[in-house]
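Student: Sequence:
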Amino acid sequence: MNSTLDTSDPYAALRIRDFKWFVIARFSLTFGIQMQSVIVGWQIYQITHDALSLGLIGLAEALPFFSISLFAGHTADKVSRKGIILSASAVYFVCAAALLLVSTKFEWILHTHGVIPIYGIVFITGLARGFMSPSQSAFRAQLVPRELYGNASTWSSVSWQLADVTGPAVGGLIYGFSGVGTAYTTVVIMTMIGLGSFTLVRKKPVPERKSKESMAQSLVSGLKFVFHDQVILSAISLDMFAVFFGGVVAVLPIFADQVLHTGAEGLGFLRAAPAIGALIMSVIQAHYPFFK
275 MNSTLDTSDP YAALRIRDFK WFVIARFSLT FGIQMQSVIV GWQIYQITHD ALSLGLIGLA
335 EALPFFSISL FAGHTADKVS RKGIILSASA VYFVCAAALL LVSTKFEWIL HTHGVIPIYG
395 IVFITGLARG FMSPSQSAFR AQLVPRELYG NASTWSSVSW QLADVTGPAV GGLIYGFSGV
455 GTAYTTVVIM TMIGLGSFTL VRKKPVPERK SKESMAQSLV SGLKFVFHDQ VILSAISLDM
515 FAVFFGGVVA VLPIFADQVL HTGAEGLGFL RAAPAIGALI MSVIQAHYPF FK
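Using this note's numbering, read the sequence shown as starting at 275 and increasing by one per residue.
It cannot be assumed that every hint is accurate.
[Said to hold, decoys possible] Below, in silico cross-link-like pairs of lysine-lysine (PhoX-like), each with a Cα-Cα straight-line distance of 25 Å or less:
no., residue 1, residue 2
1, Lys498, Lys352
2, Lys356, Lys477
3, Lys477, Lys294
4, Lys478, Lys356
5, Lys477, Lys352
6, Lys294, Lys356
7, Lys478, Lys352
8, Lys294, Lys478
The set of hints was computed from the structure by calculation and includes no laboratory data.
Model the full structure from these sequences, guided by the hints.
Tutor: Quick look at the structure:
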């Protein structure tokens, strides 16, 4: 495979069948998830008109994600990564369908229990995300030769950023003009496309590990490595602070409603705005790499 690939070709990684389907699947799933985040935010705000209720959306997803992240990373080294990805994608699909049902045919559930069922569904998506994230990263590296790791990483980032831009905007527009039912139906369709596309990526064997460490030993070794490598520790710390202080996106529904006096469609564009610059830079980097 290496001999037929031109590493100077900016589209080299996309010419590999499995990676192409991986990118399509990742885009579709991320598109649906980003749509869902806008829909859930506006829906809860419309029900509660409360800033704390909006903040609890992030907590409901982040708590399970961070709680299982270390275990999920260890699992990705031991179990079929494609199997984990398919399972997590199926959970995303079921959760999207559940949100659709409680918002339309079983709306009485929200009338009886308030927004608690929505928090519960978001919590489950957080668990799925916790397993999906490390498995996707590890699986992607198995789909392309080492010479194309940089190119593959760039296009994977482009697909994510593109979904991060278009997903919220489309979600807000559909919610604003067609209602919550149509919006969640679109999320269900996109997650189904993502799940189907992942099935077309051929399964790869889990790399054999020389070390026979237990899970606890592996986690301790990983933490020691992070805290002893100043570059990695600095990068993680920078990302942590960016995420911590970037929580303002949680209250954007209030800003869209009370400051800009717009609806769900305006919220969608607000959520998409930060990703536009990142998308532009990702495309530029794909064609003109900073490091060769």
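Student: Run every hint past the structure and note whether it holds.
Tutor: Now for the hints, and whether the structure bears them out:
{"no.": "1", "hint": "Lys498 / Lys352", "verdict": "20 Å, holds"}
{"no.": "2", "hint": "Lys356 / Lys477", "verdict": "6 Å, holds"}
{"no.": "3", "hint": "Lys477 / Lys294", "verdict": "14 Å, holds"}
{"no.": "4", "hint": "Lys478 / Lys356", "verdict": "7 Å, holds"}
{"no.": "5", "hint": "Lys477 / Lys352", "verdict": "14 Å, holds"}
{"no.": "6", "hint": "Lys294 / Lys356", "verdict": "15 Å, holds"}
{"no.": "7", "hint": "Lys478 / Lys352", "verdict": "13 Å, holds"}
{"no.": "8", "hint": "Lys294 / Lys478", "verdict": "15 Å, holds"}
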